[in-house]
Structures are given as structure tokens and as C-alpha cells.
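Asks: For reference, each letter of the sequence shown is one residue, going 689 to 826 in our numbering.
Hints may contain errors.
Straight-line C-alpha distance at most 27 Å; calculated DSS-like pairs for lysine-lysine [unchecked claim]:
#1 Lys806 <-> Lys772
#2 Lys762 <-> Lys772
#3 Lys727 <-> Lys692
#4 Lys807 <-> Lys692
#5 Lys772 <-> Lys807
#6 Lys737 <-> Lys725
#7 Lys770 <-> Lys737
#8 Lys815 <-> Lys737
#9 Lys770 <-> Lys697
#10 Lys692 <-> Lys770
#11 Lys762 <-> Lys727
#12 Lys770 <-> Lys725
#13 Lys815 <-> Lys770
#14 Lys819 <-> Lys737
#15 Lys725 <-> Lys762
#16 Lys807 <-> Lys819
#17 Lys772 <-> Lys725
Keep in mind that the hints were calculated from the coordinates and are not lab data.
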Amino acid sequence: MIIKEAIEKDLPSIMVLIRSERADGREISCNQFLIAKDKDEIIGCARIKELDNCLELGSLVVRPQYRNMGIGGKLVREILIKDKRRPVYLLCLAQMASFYSRAGFNEIDIGLAPDTLKKEYSLVGSKISGKIIVMINP
689 MIIKEAIEKD LPSIMVLIRS ERADGREISC NQFLIAKDKD EIIGCARIKE
739 LDNCLELGSL VVRPQYRNMG IGGKLVREIL IKDKRRPVYL LCLAQMASFY
789 SRAGFNEIDI GLAPDTLKKE YSLVGSKISG KIIVMINP
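Start from the sequences, fold in the hints, and give me the full structure.
Replies: This is the structure we're talking about:
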């Protein structure tokens, strides 16, 4: 398995992966993504997306048969090494907080998030059941 930057020809496979988990497929460009590949198959992806006034880590997806092997954590760590801009925010289900905290993210109150992220929070919260939290990697 290798982790590498996505290229244009990877986008259709990335979109299939993202749609399979109903992750955020808006405003996609290959320069936002790191991908995990096993042979020639994309088995995972993550991106940092620029919102109006902040950065958001999102679209973290690993194919079900490759989960619990450390691939998601490696994608998160590698994308944060590649993109040194901070702070980086993310929205996730509350039960994922410990996963992201291992990569340096801390939970914050939605009131402390940038306005653009608050809009994302409202959008995500209307589509997903479960408690959504905001986290920051300062």
C-alpha cells in the first residue's frame, strides 16, 4: 500500500469511493487529495478543502475491506504533513473524536468555528444521524 498525491485520472475512482460513503463530493479537485493505493486500486482518500475563511479536512474514506488497518490514520497524518497550513478544522461524528485526536485534533464548540464551517455544520447535521462535533488542529 502506498500513499500519494492524487492526479486528474484518479478523480473518477475518488468520486466512486466518496459516493459509496455519502461523503462530501462538492468542489472536488485532484490537488486537494491524498490517496491510498493497493496495487492499482484506490482504497482510501482524504482531502483538505479551502472554504471561504478556513481549511477543512474531509472526504476521508477507506474501502470497508481495508478498514482497521491504520490506513485512515496514515492518510490523515500524511495530509497534515503535506499541507502545513493551520488551523485545519473537521466535522465528524462524536464517536470518531478519539481517532482524530491521535492526529492532534481537539474538539471545540461550534460557536468558536469560522462562519463558513458553521454553515457546513448545519448542512452535514441535516444529512447525518448522530451527534456531529467540530474539531481543530491548531
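Asks: Now, for every hint given, state plainly whether the structure supports it.
Replies: Status of each hint after checking the structure:
1. Restraint check: the Cα-Cα separation between Lys806 and Lys772 comes to about 23 Å, which is no more than 27 Å; the hinted pair holds.
2. Of the pairs offered as hints, the one joining Lys762 and Lys772 holds, with about 16 Å between alpha carbons and a cut-off of 27 Å not exceeded.
3. Taking the CA atoms of Lys727 and Lys692, the gap is about 12 Å. The hint holds against a cut of 27 Å.
4. With a CA separation close to 31 Å, the supplied pair Lys807 and Lys692 exceeds the 27 Å bound.
5. For the hint pairing Lys772 with Lys807, the CA-to-CA distance comes to about 24 Å; that is within 27 Å, so the pair holds.
6. Under the criterion of a C-alpha separation no larger than 27 Å, the hint pairing Lys737 with Lys725 is consistent with the structure, at around 21 Å.
7. Our distance criterion of 27 Å between C-alpha atoms is met by Lys770 and Lys737, whose separation comes to about 13 Å.
8. Restraint check for Lys815 and Lys737: satisfied, since their Cα atoms lie roughly 19 Å apart, inside the 27 Å limit.
9. About 20 Å separates the Cα atoms of Lys770 and Lys697, which keeps this hinted pair within 27 Å; it holds.
10. Between Lys692 and Lys770 the CA atoms are separated by roughly 10 Å; this keeps the pair inside 27 Å, and the hint holds.
11. Between Lys762 and Lys727, the direct Cα distance comes to roughly 17 Å. Compliance with the 27 Å bound is thereby established for this hinted pair.
12. Restraint check for Lys770 and Lys725: the C-alpha separation of about 17 Å stays at or below 27 Å, so the hint holds.
13. Distance restraint check for Lys815 and Lys770: the Cα-Cα separation of roughly 30 Å exceeds the 27 Å cut-off, and the hinted pair is therefore not satisfied.
14. At roughly 22 Å between alpha-carbon atoms, Lys819 and Lys737 fall within 27 Å of each other, so this suggested pair holds.
15. At roughly 12 Å between alpha-carbon atoms, Lys725 and Lys762 fall within 27 Å of each other, so this suggested pair holds.
16. Taking the CA atoms of Lys807 and Lys819, the gap is near 16 Å; set against the 27 Å cutoff, the hint holds.
17. For the hint linking Lys772 to Lys725, the alpha-carbon distance of about 23 Å falls within 27 Å, and the restraint holds.
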